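Read off the chains here:
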Amino acid sequence: MTLGPVRSAVVAEGIRRRYGERTALDGFSLEVPEGSVFGVLGPNGSGKSTFLALVAAAERPLEGSLTILGRAPARNVRARIGTVFQENASDPLMTPLEYLLFAGRLFGVTGQAARERAAALLERFGLAARAKDPISTLSGGMRRRLEVARALVHRPALLLLDEPTTGVDPEERKLLWETVVAERDGATVLVATNDLNEADAVCDLVAFVQAGRVVATGSPAELKRGLRKQTVRVELQSPSSEVEARIAELAGGENVTAANGELLVTTDDGPALAARLFATVGAAIRGLRIDEASLEDAYFQYVQRRREGAG
Amino acid sequence: MSAGARATSTAERIRAATGGGGAMQGARVALAVAVRDLRAVARARSQLYSSVLTPLMLLVFLGNGVSQGLEPSRLPAGNFTAYLVAGTVVMTSVFSSTFSSASYYRDRDSGFLRLLLSSPHDPRTVLLGKSLAALLIGAVQAFLVLAVAAPFVDFGWQHGMAAGFGLALLTVVLLNLMLTGLAQALATRVQSMQGFHLIMNLALFPLLFFSGAFFPVDGLPAWMKLLAYANPLTYAVDALQLATYATGSGGFIGYGVDFAVLGVLSAAVYGLGFSRLPKLTFSGQ
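Chains A and B supply the protein sequences, listed in that same order.
Every letter in the first sequence is one number past the one before it in this note's numbering, and letter 156, counting from 1, is 156.
Just so we're on the same page, this note's numbering is the position in the second sequence counted from 1, plus 1000.
The shape of chain B in the complex, shown without the other chains:
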């Protein structure tokens, strides 16, 4: 068989496989790509649920909270801007620790996680190192928000400014410990970074809404109050309000319960994270 004849037959095969080109073929490819992407979304249940549930929760929780809980007489002390600082610090921790924990996925996708896991060290050491970084980033950012806001708002400083900052720092560290532990436990279980962010958003946005971050929990309908007390972020907001905003402890949960809840939950989420450790794998295994 001549080289020319072989080249012709190869060209024919390529033409047959690509359908000869043209607009119709382009449309078919575009449609196939669209169908593939739609199928992927349909299979990612969490994405579907999140896209519907998040706006609904925004309406229910924020709408109810603002309309029923935000009369000035219901604020325990000071003005609303001062009240919002604690919630903003908690919100900063939530976002910061979530984004920092995404480095797990970056390391996994770049292959760097393999290097870490091929070392003689326990995978828990690796995870603790990553959590420590996320904890530091989250805590420093959150504490910076508080430090920058403090001179401009009317805080009560019931224990004095230095002690107040100390208690706020302890709260921020405990809160970020819990959040990074939660993020790490999820990261080792959820395959894709998109799925991880969706779950974190789906869980943490509503938790923020009824944590007392944006409006006081007191005076809310009973069902929302119940949710608020089941919400770990409520205890971080409470401790931060006590340390900075409040002029007395009346109407607040109290440091003892706040720190106990945050401490126990931190231990629980780290326990959960360490119960499923990443494994060293080789390609094709």
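Just chain A, same shape as in the assembly:
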């Protein structure tokens, strides 16, 4: 028996989208296999939200082609898409049950089928006991779970999640993801996030996005493969190009990136590099930490390679 080719839920080829002078997507190409949990990862402003807007048929690309669930993007394709926005979309005066029934009606699930589906989702998402309370009385985590339940009410083939766990505590975050994965019923999940550790834990495949382009795609394991084993994070007393240059020299130059006020140096021997740094520029160092290589490190390395390629 041979397996047929893997079908794609989303195929984007060379998409460009501009807002006035600002280019949001610049030759964005991506293929999301059906049934996968696919992470689109990048910093704020990298083009993730614009891509989700295109997939949700809220925008049209100026150039390039886009296929969603085998069709060109159009409003009616939304009947097979469930969307969780970064902010809650619920009416705080409704009850969770009313909210799910209303969402069902919007997406064509009505009557007894809607009532059964809503009851089942409330049960599975741990909200059955609060089904008839005003949504305004639910905790932040419960409201996020309700959003995911709402997006699943019509059994979508594609679930779009835009920063779904922003502002959610770690315990709720874990519970939310476990429920999403368990209840998606074979749906493809396309999640946009800037939390790379979270993506590392839940995504089958990820795409690194920077300045409106995809710079790398693959499974988290594939993208981390070939990385140096450790990352030394250096916080300086004060920014100094002279010290940064010295650190780059000690690290062999090409493995140094700056992010969030820190210098990230990838290496196969973190303790040895740390000792060298303290011996030469120790007075300029405020703090230093050695981490095992992560998806975040892979992201910065791919972004740096692209910058160097562009330079």
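Keep in mind that the hints are not guaranteed to be accurate.
As the list claims (entries may be wrong) - Keeping only pairs whose Cα atoms sit at most 35 Å apart, straight-line, the calculated DSBU-like set for lysine-lysine is:
id	chain 1	residue 1	chain 2	residue 2
1	A	K132	B	K1279
2	A	K174	A	K229
3	A	K174	A	K224
4	B	K1279	A	K174
5	A	K174	A	K132
As the list claims (entries may be wrong) - Selected chain A positions facing chain B (in silico; Cβ < 7 Å):
id	residue
6	A74
7	R78
8	F85
9	L106
10	D162
By construction, these hints were calculated from the structure, which means they are not laboratory data.
Note that this is a predicted model, so its numbers are computed, not measured.
Heads up, the beta-carbon is just placed ideally off N, CA and C, and yes, glycines get one too.
Following the hints, complete the assembly by docking chain B onto the known chain A.
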């Protein structure tokens, strides 16, 4: 570097950023907040214009109208209380439809509008649904005012009570259709709810004053009469007066013109509203 030294330097940074506390720093923050709010008001031109123009219009239109138009001999029929009912019904519609249309902003700010727009339905369907709710609320409230007032005032009921109520109901529905269409067209264009209310008040208060709601249009100075005939609310007041208060059609515009004006304007404002539809957006887009 020791943890203690790092903690000390962090505390120093926080102290430097907050200016070390004290009354002087508090005053600086209060002043900064005040300047920011004043700047916001200065930038909201509509708020400035409204705060000056509304009281001026009250003086000009209501003052002129009451002093020149309110002699009992100028009332077409019955007493002034009966005369005022039609105007009160129109005023109720104006306020009710305006407040109901504010739900657009509530849905937008709570995120609920995003859910509506992420559905496979045309945004016009969403807007029509919201307008329908505002129309029903406005029409029911306005008609209730008429129904409650009717037994206590001396209406002419020139077509009989049942037909009069029917014609009044038709007028109230057409009026609220026009008002909710106008509110919706504005809501999709004006960014803030405050701005929306200011514009509605700025437009609708003066329209109420010279619509015949509080004093008859006949006998007003020519320039006010001209404004009155250019005012859509005049036609709603006229139709309501004809249906309930009047004993004959003399001195009134007439149902044909009244309903035609309200119908055409309703279609126009809905056309305007649908020419600019809300869009589904994602955060950070």
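We went through each hint and held it up to the structure:
1. Among the hinted pairs, A/K132 with B/K1279 is consistent with the structure: their alpha-carbon atoms are about 31 Å apart, no more than 35 Å.
2. Distance restraint check for A/K174 and A/K229: the Cα-Cα separation of roughly 27 Å lies within the 35 Å cut-off, and the hinted pair is therefore satisfied.
3. Restraint check for A/K174 and A/K224: satisfied, since their Cα atoms lie roughly 23 Å apart, inside the 35 Å limit.
4. Distance hint between B/K1279 and A/K174 is fulfilled; the C-alpha atoms sit about 33 Å from each other, no more than 35 Å.
5. Distance check on the hinted pair: A/K174 and A/K132 sit about 25 Å apart at the alpha-carbon level, within 35 Å; holds.
6. The closest approach between the C-beta of A/A74 and any C-beta of chain B is roughly 9 Å, which is over the 7 Å cut-off, so the hint fails.
7. Of the supplied interface hints, the one on A/R78 holds, with its beta-carbon coming within about 4 Å of a beta-carbon of chain B, less than 7 Å.
8. Interface hint at A/F85: satisfied, since its Cβ lies 5 Å from the closest Cβ of chain B, which is below the 7 Å cut-off.
9. With 7 Å as the threshold, the beta carbon of A/L106 comes within range of chain B, its nearest partner Cβ sitting at about 4 Å, so the hint holds.
10. The beta carbon of A/D162 is positioned within 7 Å of a beta carbon in chain B (closest approach about 5 Å), and the interface hint is therefore held.
The earlier numbered hint that this structure contradicts is number 6, and it is the only one.
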